[in-house]
Amino acid sequence: MAEIVRRQSVHPDMAFSVPVLLVEGQAHVGGKKLTGTGEKITDFLFTNQLTDNIAVLEIKTANIALLSKKEYRGGVFGPSSDLAAAVTQVLDQVNQLQSDIFRLKVLNPQHRMESYGIRGVLVAGMVPDAARKRSFELYRNALTGVSVITFDELLARLQSLRTLLSRDHA
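46 is the number that my numbering gives to position 48 of the sequence shown; each next residue is one higher, with no gaps.
To be clear, the hints were calculated from the coordinates, so they are not data collected in a lab.
Among the hints, erroneous ones may be present.
Claimed, not checked - Computed spacing ranges between beta-carbons, pair by pair:
| # | residue 1 | residue 2 | range |
| --- | --- | --- | --- |
| 1 | 31 | 106 | 16 to 26 angstroms |
| 2 | 107 | 61 | 35 to 45 angstroms |
| 3 | 74 | 153 | 25 to 35 angstroms |
| 4 | 154 | 74 | 24 to 34 angstroms |
| 5 | 158 | 61 | 17 to 27 angstroms |
| 6 | 22 | 136 | 32 to 42 angstroms |
| 7 | 86 | 23 | 17 to 27 angstroms |
| 8 | 20 | 143 | 18 to 28 angstroms |
| 9 | 161 | 24 | 31 to 41 angstroms |
| 10 | 153 | 107 | 35 to 45 angstroms |
| 11 | 48 | 68 | 41 to 51 angstroms |
| 12 | 23 | 161 | 27 to 37 angstroms |
| 13 | 139 | 23 | 25 to 35 angstroms |
Said to hold, decoys possible - Computed list of lysine to aspartate or glutamate pairs in EDC-like fashion (alpha-carbon distance at most 16 angstroms, straight line):
| # | residue 1 | residue 2 |
| --- | --- | --- |
| 14 | 103 | 50 |
| 15 | 38 | 56 |
| 16 | 58 | 151 |
| 17 | 67 | 80 |
| 18 | 30 | 90 |
| 19 | 38 | 98 |
| 20 | 31 | 98 |
| 21 | 38 | 90 |
| 22 | 58 | 150 |
| 23 | 103 | 22 |
| 24 | 131 | 151 |
| 25 | 67 | 127 |
| 26 | 131 | 150 |
All C-beta atoms in this analysis are idealised placements derived from N, C-alpha and C, irrespective of residue type, glycine included.
Given only the sequences and the hints, what does the whole structure look like? Please build it.
Here it is in structure tokens:
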């Protein structure tokens, strides 16, 4: 998926729902210690084309489990450890970026970057089965600072856009 985004086969606007510009792939977003260790790296760093607000995009795999296999209580399933860790990773990247934004702006004057409200987007997994959809929606809609989009949702957005554009040309 990361290579597809780099080649622009899947336009990142689809993940952000706003027009974005790629600033850097495998972007170093802060956290480096004096020893040179601890640097945080995000898959992609983008800016909103109109407001210059920055955003991070982290891409996992389509086969990542989004929810635990075991039911917690009464049809409720918690997030999988992989999803919870990936969300925390994105939150950490956003936090490091927010902490380091002034240094990054000084060292990268060729990029217009603002940190009005840094967005984090995580692309991971597939929409769960019917028994787990409710739990997934409850979890991801309760998140602040990170949007979780599944691979099949991203594909559906692309297909909708394709249908819309083909109607306009007909």
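Practice item. Note whether the CB distance of residue 161 and residue 24 lies within 31 to 41 angstroms or breaks it. Key: 33 angstroms, holds
Check your understanding: When you check the alpha-carbon spacing of residue 38 and residue 90, does it fall within 16 angstroms?
Key -> Given pair residue 38, residue 90 holds - Cα atoms ~8 angstroms apart, limit 16 angstroms.
Exercise for review: Take a look at whether the Cβ-Cβ distance between residue 22 and residue 136 falls inside 32 to 42 angstroms.
Suggested key: 34 angstroms, holds
Point to revise | Holds or violated: residue 131 to residue 150, with C-alpha atoms at most 16 angstroms apart | key: 13 angstroms, holds
Check your understanding: Is it true that residue 153 and residue 107 lie within 35 to 45 angstroms of each other by Cβ?
Key -> Since the Cβ atoms of residue 153 and residue 107 sit about 37 angstroms apart, the hinted range of 35 to 45 angstroms holds.
Check your understanding: residue 139 and residue 23, beta-carbon distance inside 25 to 35 angstroms?
Key -> 29 angstroms, holds
Exercise for review: Determine whether the Cβ-Cβ distance between residue 107 and residue 61 falls within the hinted range of 35 to 45 angstroms.
Suggested key: 41 angstroms, holds
Exercise for review: Below or equal to 16 angstroms on CA atoms is what counts here, so check residue 30 against residue 90.
Suggested key: Status holds; Cα separation ~13 angstroms.
**Study point:** Pair hint residue 58 and residue 150, alpha-carbon separation not exceeding 16 angstroms
**Key:** Since the Cα atoms of residue 58 and residue 150 sit roughly 13 angstroms apart, the hinted pair holds (cutoff 16 angstroms).
Review point. Holds or violated: 25 to 35 angstroms for the Cβ distance of residue 74 and residue 153?
Key: Because 28 angstroms falls inside the window, the suggested range holds.
Practice item. Starting from the range 18 to 28 angstroms, see whether the pair residue 20 and residue 143 falls in it by beta-carbon distance. Key: 21 angstroms, holds
Exercise for review: Sort out whether residue 50 lies within 16 angstroms of residue 103, counting only the CA atoms.
Suggested key: 12 angstroms, holds
Every hint, counting from the list given before, is met by this structure.
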